[in-house]
Amino acid sequence: MKFWLIRLLSVAVAILGCVGLQVAAGSQSDYVQRLLTLAGLYVTLSVSLNLINGITGQFSIGHAAFYQVGAYLGGFLSVRFFHTSGLPPIPWLIVTLIAGAAGAAIAGFVVGLPSLRLKGDYLAIVTLGFGEIIRIQVQNTPALGGSYGMNVEPKITSIAVVWLLAILCIAICRNLLKTATGLSFLAVREDEVASSAMGVNVTRAKVSAFVLGSAFAGGAGALLASFEGFITPATFGMDVSFIILTMVVLGGTGSITGSVVSAIFLSLLPEYLRGLKSASGGPLTLTGATVVAYMVAVVVAVAVIRHVYQDGGRTKINRLLWTFGALIGAVIVQIIASVALNKIGPMHEKQIVINQLRMVIFAVTLIVLMLLRPQGVFAHHEFSWTWLSKLREPKKEVAA
Amino acid sequence: MSLLKLDAATIKFGGLVAVNAVSFELNKGDLFGLIGPNGAGKTTTFNIVTGVYKPTSGTITFKGRSIGGTPSNKIASLGIARTFQNIRLFKALSVLENVVVGGYLRHNTGLMSALAYLPPSINETNRLKAEAMELLKVVNLAHVADVRSADLSYGMQRRLEIARAMATQPELLLLDEPAAGMNPLEKEELLVMVKKIRDEHGMTVLLIEHDMRFVMNLCEKIVVLDHGEEIASGPPSAIRNDPKVIAAYLGEAV
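Heads up: the sequence lines are chains U and Z, in that order. Quick note: to get the numbering used here, add 57 to the position in the first sequence (first position is 1). Quick note: to get the numbering used here, add 1346 to the position in the second sequence (first position is 1).
Next comes chain U alone, as it looks inside the complex (with noise of 0.2 Å):
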């Protein structure tokens, strides 16, 4: 009973925290509100994808085909039916991303059931090639708008909706590790030949795992094909797929905690470089020497941090204090080069909008956080009340 009520409970408040989302963004601008709801999309899909490559284990890096799959299978139900439905739009939209997920789902099975007996790279490259082939069929069918892209009808835009398929996404992949079903699937991921020879069915954990994570994929999809109201298959390029791998990675390879937080993370972040405006209100300039101070100071501050977490005899205290020390090191490092560089003549003339320069940040972010925490911000955890308070407790030592 008190199960049923906690579950509820929960249920309602995630319902309401989104209706709640809706409205709040309702009264900002477009631009806020396109960006609340592509972190959402981002969000469902690099938690699905973690399922598959994180969870699973199976690398797969062409999510972007069955997220497709989704967007044309729920724009071309909208342009056809919608009309003839009579449904209200809310209601046509949950449609259009059950179909989307449905369609996506097939796909993720028809390609995963002969594709999941290989391994690895080689996984990687069928998927990528499904990728494509997905791509390139839409480019040439003139049904979908070929490489013109099409027109959905109606447009659809609910932030509501967005994040509650996110939050079912999150919710599922939860639920499956809590109990032994997931449990099996990470078996897998760790190892195939003795997850079998203990009795898991391998090729269903992972043709299961695929057939999810592709569905969500599809709903995000179908709900992407709404909110833009036109879409074409450049929408859905090998850079994508790449952007939603690097999102797992980047948090974590297995953690959805991980995945949630770096898909908000690296959806928002060229956003935020975008409209970065300096202090007069025009976009922010520096000059060139500046630029190559922020440089030097990044590589100084990844150097020192790097040797100290590789030293394995210092104290956690010791640790904090160098990574602090490097900070501000950096700091004053780059206060100083670029009080040097900028007597350089030319160095100094050389202007650069900073905005231009977001792929670039955005890219050394990565290298940066790659080059000090390998195995992802978030390893394997996953975020928990109990979590938190065990950060205060010391490292527990295995006696033999």
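None of these hints come from the bench; they were simulated from the model. Heads up, some of the hints might be wrong.
As the list claims (entries may be wrong) - Below, in silico cross-link-like pairs of lysine-lysine (DSS-like), each with a Cα-Cα straight-line distance of 25 Å or less: (1) Z:Lys1437 - U:Lys235; (2) Z:Lys1420 - U:Lys176; (3) U:Lys235 - Z:Lys1542; (4) Z:Lys1542 - Z:Lys1567.
To be verified - Under 7 Å between C-beta atoms, here's a sample of chain U residues computed to sit facing chain Z: (5) Leu233; (6) Asp248; (7) Gln391; (8) Ser441.
What the hints assert, rightly or not - The following residues of chain U were derived to be distant from chain Z, with all beta-carbon distances above 10 Å: (9) Ala82; (10) Pro146; (11) Ile163; (12) Gly177; (13) Ile193; (14) Ser215; (15) Gly239; (16) Ala251; (17) Gly286; (18) Gly311; (19) Pro340; (20) Gly369; (21) Phe381; (22) Ala397; (23) Met404.
Glycine included, each C-beta is placed from N, C-alpha and C at the ideal position.
Please arrange chain Z on chain U, whose structure you already have, making use of the hints.
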């Protein structure tokens, strides 16, 4: 009736005959040893029995049913579990979780129930965890149940592999070099433990081992392989003095 019967089991990899017409028979409750020099085909024999490889010819019968070429996971659910020579734990999982995966084949709720975290799945998971905890007590690992399995010492990892295999509740337990890398004290404990597994848990044990003293003290019947062929079989006392076995291990007298 015999529990496991190999009849002229043969496997060839290209031109290499890894196991050549090996035949032996295990009865319920046996403590059976499989020995031989490196490269004799012992682990390959295990791999045929557990479905990692399909035998080229010959039959393998388990409980009267032919299992040659059956997939590994099916064989596990029929009642054969194994450990691995080169430890293959689920490294990132905790000790307890490793054993829970071993019990997963007795888990009878669907994926949907797990995804929705419904009571059937919760109850099954809790039941498997409780059973896993009991097994950890058998192998003396209960105190490290929450430790990541990769962080265990070598001897502990070997014991965890045994617990994980036992969690499938097999009738036949195959141990591939369970004592490798253990110190003499750990070997003594393992000896007692394997006997206990047979006597108290009623499992038939087939083991590969290089430590002769360990095998001779533990096993009641031994088969010796050399270059993929069976060169001797019988009780330890007979094996110890068999000239063919001595020649296989030490070389022919000049």
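Hints, one by one, checked against the model:
no.	hint	verdict
1	Z:Lys1437 - U:Lys235	holds (18 Å)
2	Z:Lys1420 - U:Lys176	holds (21 Å)
3	U:Lys235 - Z:Lys1542	violated (33 Å)
4	Z:Lys1542 - Z:Lys1567	holds (17 Å)
5	Leu233	holds (6 Å)
6	Asp248	holds (5 Å)
7	Gln391	violated (39 Å)
8	Ser441	violated (14 Å)
9	Ala82	holds (29 Å)
10	Pro146	holds (28 Å)
11	Ile163	holds (17 Å)
12	Gly177	holds (17 Å)
13	Ile193	holds (33 Å)
14	Ser215	holds (24 Å)
15	Gly239	violated (7 Å)
16	Ala251	violated (4 Å)
17	Gly286	holds (32 Å)
18	Gly311	violated (8 Å)
19	Pro340	holds (46 Å)
20	Gly369	holds (15 Å)
21	Phe381	holds (29 Å)
22	Ala397	holds (48 Å)
23	Met404	holds (48 Å)
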